[in-house]
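S.K.: Could you build all of it, start to finish, from the sequences and the hints given here?
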Amino acid sequence: MDELLKLLQVNALESRENLARLLNLTVVEVDQRIAEYEKRGVIRGYQAVLNEDQLDLNKVTAVIEVKVTPSREGGFNPIAERISRFPEVRSAYLMSGAHDLLLFVEGRNLREVAAFVSERLSPLEGVLSTSTHFMLKTYKRLGVLMHQETTDERLSVTP
Amino acid sequence: MSGSLSLRNRINTVVRDIPRSGIRDFFDIVSTMKDVISLGIGEPDFDTPWHVRESTVFALERGATHYTSNLGYLELRKALSKYVSQNFGAEYNPESEILVTVGVSEALDLALRALINPGEEVLYHEPCYVSYRATILFAGGVPLAVETKAENGFRLTRAMLEAKCTPKTKVLMLNFPNNPTGAIMSRQDLEDIAAFARERDLIVITDEIYAELTYDTPHTSIVSLAGLKDRTIFLHGFSKAWAMTGFRLGYACGPAELIEAMMKVHQYTMLCASSLAQKAAIEALTRPDIDVGEMVAEYRRRRNYIASAFAEMGLECHRPLGAFYAFPSVAKFKLPAKDFAMKLLHEEKVAVVPGTAFGECGEGFVRCAYATNLDNIKEAMVRLKRFIGKL
Numbered sequence: 001m002d003e004l005l006k007l008l009q010v011n012a013l014e015s016r017e018n019l020a021r022l023l024n025l026t027v028v029e030v031d032q033r034i035a036e037y038e039k040r041g042v043i044r045g046y047q048a049v050l051n052e053d054q055l056d057l058n059k060v061t062a063v064i065e066v067k068v069t070p071s072r073e074g075g076f077n078p079i080a081e082r083i084s085r086f087p088e089v090r091s092a093y094l095m096s097g098a099h100d101l102l103l104f105v106e107g108r109n110l111r112e113v114a115a116f117v118s119e120r121l122s123p124l125e126g127v128l129s130t131s132t133h134f135m136l137k138t139y140k141r142l143g144v145l146m147h148q149e150t151t152d153e154r155l156s157v158t159p
Numbered sequence: 001m002s003g004s005l006s007l008r009n010r011i012n013t014v015v016r017d018i019p020r021s022g023i024r025d026f027f028d029i030v031s032t033m034k035d036v037i038s039l040g041i042g043e044p045d046f047d048t049p050w051h052v053r054e055s056t057v058f059a060l061e062r063g064a065t066h067y068t069s070n071l072g073y074l075e076l077r078k079a080l081s082k083y084v085s086q087n088f089g090a091e092y093n094p095e096s097e098i099l100v101t102v103g104v105s106e107a108l109d110l111a112l113r114a115l116i117n118p119g120e121e122v123l124y125h126e127p128c129y130v131s132y133r134a135t136i137l138f139a140g141g142v143p144l145a146v147e148t149k150a151e152n153g154f155r156l157t158r159a160m161l162e163a164k165c166t167p168k169t170k171v172l173m174l175n176f177p178n179n180p181t182g183a184i185m186s187r188q189d190l191e192d193i194a195a196f197a198r199e200r201d202l203i204v205i206t207d208e209i210y211a212e213l214t215y216d217t218p219h220t221s222i223v224s225l226a227g228l229k230d231r232t233i234f235l236h237g238f239s240k241a242w243a244m245t246g247f248r249l250g251y252a253c254g255p256a257e258l259i260e261a262m263m264k265v266h267q268y269t270m271l272c273a274s275s276l277a278q279k280a281a282i283e284a285l286t287r288p289d290i291d292v293g294e295m296v297a298e299y300r301r302r303r304n305y306i307a308s309a310f311a312e313m314g315l316e317c318h319r320p321l322g323a324f325y326a327f328p329s330v331a332k333f334k335l336p337a338k339d340f341a342m343k344l345l346h347e348e349k350v351a352v353v354p355g356t357a358f359g360e361c362g363e364g365f366v367r368c369a370y371a372t373n374l375d376n377i378k379e380a381m382v383r384l385k386r387f388i389g390k391l
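Taken in sequence, the protein lines are chains A and B. The opening residue of the first sequence carries number 1 in the working numbering; numbering runs sequentially from there. The opening residue of the second sequence carries number 1 in the working numbering; numbering runs sequentially from there.
Among the hints, a few may not be true.
If you anchor each label on the Cβ, the simulated ranges turn out as follows [as the list claims (entries may be wrong)]:
(1) Arg-383(B) / Thr-138(A): 29 to 39 Å
(2) Lys-140(A) / Glu-312(B): 30 to 40 Å
(3) Asp-17(B) / Leu-5(A): 22 to 32 Å
(4) Glu-54(B) / Val-144(A): 18 to 28 Å
(5) Arg-53(B) / Lys-6(A): 18 to 28 Å
(6) Met-270(B) / His-133(A): 51 to 61 Å
(7) Tyr-83(B) / Arg-33(A): 33 to 43 Å
(8) Lys-59(A) / Asp-25(B): 49 to 59 Å
(9) His-133(A) / Glu-54(B): 25 to 35 Å
To give an idea of the chain B side of the interface with chain A (calculated C-beta under 7 Å), a few residues [said to hold, decoys possible]:
(10) Ser-38
(11) Gly-40
(12) Gly-42
(13) Glu-43
(14) Phe-46
(15) Val-130
(16) Met-160
(17) Asn-304
(18) Tyr-305
(19) Ser-308
(20) Ala-351
No wet-lab data here; the hints were simulated from the structure. Every residue gets a Cβ at the ideal spot worked out from N, C-alpha and C, and that includes glycine.
M.R.: Right under this line is the structure:
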């Protein structure tokens with residue numbers, strides 16, 4: 001993967017000047033490449049990685065495994081895309097294994113998520129069964145540890 | 001106090017007369033200060049890869065807590081043989097040509113003690129790692145320092161060696177990529193040195209601890225050149241490429257007779273390297289490309305950053321090509337390197353190491369390690385720029 005993308009994945013707020021220094025490029029080159037990635041849809045957005053456990057949010061997240069019937073035209077795509085459009089669905093993946101789709105669904109409370117599953121998701125044509133698991137605590141998200149602070153055990157000057 | 005005076009007189013004169021490492025003095029000052037950004041740390045800021053740490057815990061649980069073979073676990077020596085052959089272009093027999101040591105520092109000490117008779121000379125290049133001169137003296141050798149120069153990218157040339165070499169010279173010590181300069185040697189540079197070593201019948205000790213950390217061109221080892229393997233002791237370890245400094249694990253590869261001689265010293269002094277560190281090393285060698293590759297990419301970006309920042313603030317610095325050190329010249333500020341470093345530390349709380357810690361010819365330079373995270377490097381560059389603006 002392009003190093004520029006790796007750097008943006010770690011810190012999308014890195015200044016163009018610093019990106020240029022790090023990659024031995026000019027600022028203009030960095031701007032052009034980023035614009036190109038955005039235009040092609042490779043970069044689809046920039047988000048902060050939050051430790052939501054610290055925020056006392058009125059929110060629950062469920063991981064839902066879904067079995068579906070693929071359609072004759074389009075296979076899993078039509079049903080997966082249909083499900084993905086619900087704003088409650090934060091992430092959706094097609095999986096190998098016992099289930100077909102894996103969803104990360106958010107709601108204000110358990111009842112709201114339950115209502116989403118029973119009233120929106122399950123009745124959809126093509127959805128055969130669901131299995132819902134509630135998330136309790138986040139240890140790591142998007143490659144970032146949520147609770148452990150890094151410490152530097154090194155001496156301040158060494159040979 | 002007459003008591004302490006008389007004790008001082010009883011200390012071995014070589015040990016007594018060698019000064020403490022300048023780095024240690026500097027550390028004592030830095031460690032008393034708060035909020036210092038240190039570019040003075042000669043070790044990776046990365047953690048040892050998690051799979052290596054996890055498997056060390058497993059080894060401890062499994063009871064790998066006993067003496068190992070003096071040479072080190074055979075399994076490790078086999079893995080090392082394969083790694084060295086793939087990456088350095090020399091084949092070593094794991095049964096007789098590889099010795100696992102407590103860091104490269106021990107390996108260097110063993111090599112010199114195994115080779116040097118009192119009064120024999122050892123050629124080495126300065127600026128260099130802080131221990132070289134002392135280790136030669138401890139072994140009873142006579143150190144012959146060859147000065148490398150910034151205008152030449154701190155590379156070593158045949159002419160420099162010819163100017164110093166005498167019939168009493170027995171050993172040539174090399175360290176590229178270099179601490180503290182970040183210099184590397186091209187294959188052609190090494191060919192010239194190799195020819196010289198063959199002609200003068202020198203034994204070469206090559207410390208290639210930073211071999212994995214080169215940024216623009218791949219590393220070439222002198223052992224891969226024609227006729228050199230039979231007269232060379234190759235030293236390497238896990239501290240830098242795998243961020244395993246505290247494990248203290250190194251190794252030496254060389255002709256069986258020399259390894260046997262080194263093993264005798266090792267056997268009677270150290271016995272063996274730590275069993276757990278050896279287990280960790282076996283695990284480290286299972287996926288070097290992934291672990292080391294990621295770190296090298298990060299160091300390269302920091303190198304780019306620091307080189308650009310120096311250029312933007314008008315600080316002269318030869319481009320660092322390996323290791324994780326930049327060695328800019330501060331001569332234009334008309335301050336001894338030590339005073340520059342002290343003033344910088346007190347006024348802006350940035351720690352760099354005066355070049356003189358690495359030999360007298362390091363005067364006029366400071367070593368800036370970029371083995372620290374980018375946020376620190378950025379802030380250090382802001383402070384450094386402000387500092388030199390006031391000089």
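S.K.: Hint by hint, note whether the structure agrees.
M.R.: Verification of the hints:
1. Distance hint for Arg-383(B) and Thr-138(A): a CB-CB separation of about 36 Å, consistent with the stated range 29 to 39 Å.
2. Against the hinted window of 30 to 40 Å, the Cβ-Cβ separation of Lys-140(A) and Glu-312(B) comes to about 37 Å, which satisfies the hint.
3. A C-beta distance of roughly 56 Å is found between Asp-17(B) and Leu-5(A), which places it outside the suggested range of 22 to 32 Å.
4. A C-beta distance of roughly 20 Å is found between Glu-54(B) and Val-144(A), which places it inside the suggested range of 18 to 28 Å.
5. For the pair Arg-53(B) and Lys-6(A), the beta carbons lie near 24 Å from each other, so the given range of 18 to 28 Å is met.
6. Between Met-270(B) and His-133(A), the C-beta spacing of about 54 Å keeps the proposed range 51 to 61 Å intact.
7. Distance hint for Tyr-83(B) and Arg-33(A): a CB-CB separation of about 36 Å, consistent with the stated range 33 to 43 Å.
8. Here the CB-CB span from Lys-59(A) to Asp-25(B) is close to 55 Å, well matched to the stated 49 to 59 Å.
9. For the pair His-133(A) and Glu-54(B), the supplied restraint of 25 to 35 Å holds, since their beta-carbon distance comes to about 27 Å.
10. Proximity of Ser-38(B) to chain A holds as hinted, the smallest CB-CB distance being about 5 Å (cut-off 7 Å).
11. Taking 7 Å as the C-beta contact cut-off toward chain A, the hint placing Gly-40(B) at the interface holds, the least distance being around 4 Å.
12. The restraint placing Gly-42(B) at the interface with chain A holds, with a minimum CB-CB distance near 5 Å, inside the 7 Å limit.
13. The interface hint given for Glu-43(B) is met, as the beta carbon of that residue sits about 6 Å from the closest beta carbon of chain A, less than 7 Å.
14. For Phe-46(B), the interface hint is violated, the least distance from its beta-carbon to any beta-carbon of chain A being 11 Å, above 7 Å.
15. At a threshold of 7 Å, the smallest CB-CB gap from Val-130(B) to chain A is about 5 Å, leaving the interface hint in force.
16. For Met-160(B), the interface hint is violated, the least distance from its beta-carbon to any beta-carbon of chain A being 24 Å, above 7 Å.
17. Interface restraint check for Asn-304(B): the shortest CB-CB distance to chain A comes to about 5 Å, inside 7 Å, so the restraint holds.
18. For the restraint placing Tyr-305(B) at the interface with chain A, the shortest Cβ-Cβ distance is roughly 5 Å, inside the 7 Å limit, so the hint holds.
19. Evaluation of the Ser-308(B) hint against chain A yields a held restraint, the C-beta minimum of about 4 Å falling below 7 Å.
20. Residue-level restraint check for Ala-351(B) holds (minimum Cβ-Cβ distance to chain A is 6 Å; threshold 7 Å).
The earlier numbered hints that this structure contradicts are 3, 14 and 16.
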